[in-house]
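**Q** Using the sequences plus the hints, can you model the full thing?
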Amino acid sequence: MIDVRLFRNDADRVRAALARRGKPDIIEQLDRAIALDVRAREISTERDNIRAKVNELSKKVGQARRDGDSAAADEAQAASRALGDDETRLAAQADEVHEQLREVLLRIPNLPHPDAPDGAGDHDNPLVKGPLQMPAEFAAHQRVPHWDAAAELGILDNDRATKIAASMFTMQRGAGAALARALCQLALDRNADAFEEVRPPTMVSTATLTATGHLPKFADDAYAIERDGLWMIPTAEVPLTSMYAGEILDEAQMPLRLMAYTPCYRREAGSAGRDTRGMLRSHEFDKVEILALATPEQAPALLHELVERAEKTIASLELPYRIIEICTGDMGQSHHRSFDIEVYAPGCDSWLEVSSVSWFSDYQARRADIRFRRTGQKGTEFANTLNGSALAVPRVWAAIVENHRQADGSVVIPAALRPYMRGLERIAP
RNA sequence: GGAACGGUGGCAGAGCGGACAAAUGCAGCCGCCUUGAAAGCGGCCGGCUCGCAAGGGCCCGGGGGUUCAAAUCCCUCCCGUUCCGCCA
Numbered sequence: 125m126i127d128v129r130l131f132r133n134d135a136d137r138v139r140a141a142l143a144r145r146g147k148p149d150i151i152e153q154l155d156r157a158i159a160l161d162v163r164a165r166e167i168s169t170e171r172d173n174i175r176a177k178v179n180e181l182s183k184k185v186g187q188a189r190r191d192g193d194s195a196a197a198d199e200a201q202a203a204s205r206a207l208g209d210d211e212t213r214l215a216a217q218a219d220e221v222h223e224q225l226r227e228v229l230l231r232i233p234n235l236p237h238p239d240a241p242d243g244a245g246d247h248d249n250p251l252v253k254g255p256l257q258m259p260a261e262f263a264a265h266q267r268v269p270h271w272d273a274a275a276e277l278g279i280l281d282n283d284r285a286t287k288i289a290a291s292m293f294t295m296q297r298g299a300g301a302a303l304a305r306a307l308c309q310l311a312l313d314r315n316a317d318a319f320e321e322v323r324p325p326t327m328v329s330t331a332t333l334t335a336t337g338h339l340p341k342f343a344d345d346a347y348a349i350e351r352d353g354l355w356m357i358p359t360a361e362v363p364l365t366s367m368y369a370g371e372i373l374d375e376a377q378m379p380l381r382l383m384a385y386t387p388c389y390r391r392e393a394g395s396a397g398r399d400t401r402g403m404l405r406s407h408e409f410d411k412v413e414i415l416a417l418a419t420p421e422q423a424p425a426l427l428h429e430l431v432e433r434a435e436k437t438i439a440s441l442e443l444p445y446r447i448i449e450i451c452t453g454d455m456g457q458s459h460h461r462s463f464d465i466e467v468y469a470p471g472c473d474s475w476l477e478v479s480s481v482s483w484f485s486d487y488q489a490r491r492a493d494i495r496f497r498r499t500g501q502k503g504t505e506f507a508n509t510l511n512g513s514a515l516a517v518p519r520v521w522a523a524i525v526e527n528h529r530q531a532d533g534s535v536v537i538p539a540a541l542r543p544y545m546r547g548l549e550r551i552a553p
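Residues 125 to 553 (the numbering used here) are what the first sequence spells out, left to right.
Take the hints with a grain of salt, since some may be wrong.
[Said to hold, decoys possible] With a straight-line Cα cutoff of 30 Å, these simulated BS3-like cross-link-like pairs (lysine-lysine) come out: (1) K341 x K147; (2) K436 x K253; (3) K253 x K147.
I should point out that these hints are in silico values taken from the structure, not numbers from a laboratory.
**A** Dropping the structure here:
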């Protein structure tokens, strides 16, 4: 969440920054938060003054008892008891206002970075690089949607996935399953030089899902295990970000770099019925995520590093791609600045989002309470968090099947993946 | 799932109604001493929050309660350890 001090000190600046997101209700929420914050401080001060008196009187009672002056003790005790009702009432009020403030704050999105481009929606996202590795022309055999191409090869069996689970689940078979696994291996190996591999839980607590910004606003998008108070993770970002929740890091150990392969679970509540064919959208998919906990100074360079790492992995798969920056109107709630990498899929004739890299400033760290201490200095600051998909399997899988499809219907495996596929060079029927 | 015992500062570990933000040790910081270091000596050494400041409030796993006063008593939840049960 955003820092209350930001709008206490300069409400206009915060209002202007949030206005760039183009959602009027956000400004209403902000003004509500500002009013609640003023009220909360008033009540808290009042409550604290009464508490100070009670504490003082209580000390007097103790002292008088020790001195054997029971008359003075009784008097102070009675005086303190008289303050009890006021204290109880004010404390309840203060708690209530604080809770209201928190509820509002949790729903206010992050401030966009000054360099983030203005825009109303995804059609305004500017191209920052590419298209790269784009052939002059696609052959007719590449213009076959991957669901058809894959069915021919027997590597995708969504009908049976639907039978076993529900619609919008996918199932890869044979070389298709190996391809999905190989992509994860590749992404992990390409980043193992700088990132610690983690195998985190894929079910997490409500607090954990709140820290990254997925709750309370987006509860409908996540799978809930209500009986046990747990949620299925929508991305490894969730457990990795909260690994250091409530902890204070040393500046010397930063940036902390983590990566994880995990399955990701999404209800796709807002897009049910869309992209139902093939591998474009599903309730469960595999992804390798890379993430950093950094100081504010380290963050900009890390953002570019994460983008570059994701880009290089896509490039190694010999796929046509481009990089776009997300404009203020299309940014996620927690995002400060973000970039997407899109791969062109000739069979579907569309650009598929295969990686999203974002910088969250201290927005998530504040929710998760991840702080750091500068070397030799007192006090703590909130860390900055950044993360990105090193590789999201299904759409890359689809793009490989479409781009690398040959005239005979077989699919050539990019050289970078062959070591992970027992040397397989081509998937043939 | 059942039983017992626990959860206190960076770590270890006292405290078990009042003088406790909390002994003591270790680690850390500053100074003295020293050619340098170690040892020794002296001092400092948690976080959050309100306030221009003086100063105030909160935090001893979370939440609730009893009391003039709670780390300390009661309830409840969570987590840990050990034993039993079950299990890959």
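**Q** Indicate, hint by hint, whether the structure satisfies it.
**A** Here's how the hints hold up against the structure:
{"no.": "1", "hint": "K341 x K147", "in the structure": "15 Å, holds"}
{"no.": "2", "hint": "K436 x K253", "in the structure": "13 Å, holds"}
{"no.": "3", "hint": "K253 x K147", "in the structure": "28 Å, holds"}
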